[in-house]
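Student: So the chains spell out like this:
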Amino acid sequence: MKRKSRFLVTMLCFGFAFFYVPILSMMVFSFNNARLATVWGGFSTKWYAKLFENDQVINAAILSVKIALLSATFATILGTMAGLALARFKSFRGRTLFSGLVTAPLIMPEVITGISSLIFFIMLAEWVGWPAQRGFATVTLAHITFSMVFVTTIVHSRLSEADVSVEEAAMDLGSRPWQVMKDVTLPIISPAILSGWLLAFTISLDDVVITSFTTGPGNTTLPLLIWSKVKLGVTPDVNALATITVCVVGIGVIIAGIIMNAAERRRERDAQLAYQANL
Amino acid sequence: MTESPDIAARHASARPSKGGFLRWFNRRGWADITIATPYVWLLVFFLVPFIIVIAMSVATRTPTSPPFGFGGDHPLINTATYERLFSDSLYIRAFLTSIRNAAFATVLCLLIGYPMALGLTRVSKSWRNILLMLVILPFWTSFLLRVYAWMGLMGNNSWFNKLLTSAYNIMAPEEWAVRSIQMMNTNFAVVLVTVYSYLPFMILPLYANLEKLDLTLNEAAEDLGSRPFRVFLDVTLPLSVPGIIAGGLLVFIPASGELIIPGLVGNPSQPMIGRVIQDEFASARDWPMASAVAVALLLLLVVPMMLYSHFEAKAHEKRAMEP
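Taken in sequence, the protein lines are chains S and A.
In this text, residue positions in the first sequence follow the working numbering: the first is 594, and each later residue adds one.
In this text, residue positions in the second sequence follow the working numbering: the first is 215, and each later residue adds one.
Nothing false has been slipped in among the hints.
Some but not every residue of chain S turned toward chain A, in silico, with C-beta under 10 angstroms:
id	residue
1	A678
2	V704
3	L734
4	I737
5	M741
6	V801
7	P816
8	L834
9	G850
In short, the hints are calculated from the structure, not lab data.
Being a predicted model, the structure only gives us computed values, none of them experimental.
The beta-carbon is built from N, C-alpha and C at its ideal position, and this holds for glycine as well.
With the hints as extra help, turn the sequences into a complete structure.
Tutor: Printed below as a string of structure tokens:
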């Protein structure tokens, strides 16, 4: 379509300005010298220095990363299994319920998931005496549960568009179904598994609502700490913290994107070479 | 496919003791494990909590700890909580505020997101990848911090507010001039920040849908003499209905239960449903009411929307199949 509509281009520019002006403004004001976060008072990096002296912030960040690493790993294992189950096993008992269970957390308002997890953990403590206190374990369990379905979505969609004939060929050559899964299917979906892990990691690292329902005293994650600070208003040190977070995540995502793009291209080139060699 | 005999022999001789388990695992055990593990996990940690909430909503509130009674002296199904829910204007108002804010946000997302998604399908391929990345990037960065970014912009002393105020003062008659526009703590702020936070959820399904459309249809319509806007109305728009529904659902449902955005920039005297659930549970310690509000939110909003989208998508498929 060569005749590009001027209206569409304008909307794109407007949309991207809308996306990025608030974030850029926040970054600029993190270098503000003034105490008031919204009025410019000269350049300064003192809020960053203050941030690194703050043990509370550092401890919260460490806790958040621990929970995110653990929950993303389990969520990826469970989510990949669920994605395989949905894409490769077309009929098993209770498949309808299963696909419902996999979609529901995606769309459920977080507050409902949060309150039901909280009541569940309280009742569990009543009935079996565990968890005596909510904290690291309960937050991690809740994060695994609601981030695994995102992994499932990614793995499932990747498997549905993957070429089944490769798996069939392996089967025809005498591999058992389990070997096919291990040697053919899993390598094919490994980029999807990796991006699923990344997504689960950032979802866990970012979550406020479900964490606030399932955590207990003394277990404040970074988003909860920011949440309690932000409720009091805009302050320059939160701006600094936000800038660091946005930069770390942004750079991480861009690097991951480049690596995965390169891997994808190499795979395509190899496939093409193999094809040409066989002609 | 049968294995060559020597491999089969090796299989048999190498692991005679563990053969039972391995045979089971290789034959169908791995499949059973693949299905059962996530299934059981979701049943225990997602469905069971949910059933407990439903049971809790018909339990009786008591001054004990935990603050509810179920069965025994109390009626097995106590509908008093639901009666209170549907007669107290606090809850009804909260529902209406949530629906109104979420609906405005969804419509605005559509009005901004549709042209953007359409624009994305019309730019060159290398640009498209960069722009798509730019759409997804905010989605990866912290939700909380994106809301926070707007708090900085909307405050009465911020450059953005001053810009808007002076633009307003130039356009409005002199006697209507204001010193600053009150944006924080209003429903307007909630809608604005909701649009900002959920726009990628509208753009991505729309883009996925629009990208697949067959442009030869547009060309055919143009050759037959339609003007570009007419082509859009008659060809592109009807074909993109599934994308619109998917995007609308992804924005409307989470927006209606939103807790963070109204908590930070909303009007505290007009709570939305999420706040009501949290307050009933934590401050009022009325667990049956918190559960009943959650169940009502689900039954009144989420389930009907999902059913609607399901049947609309089916109907659309059917219409598309007809010649």
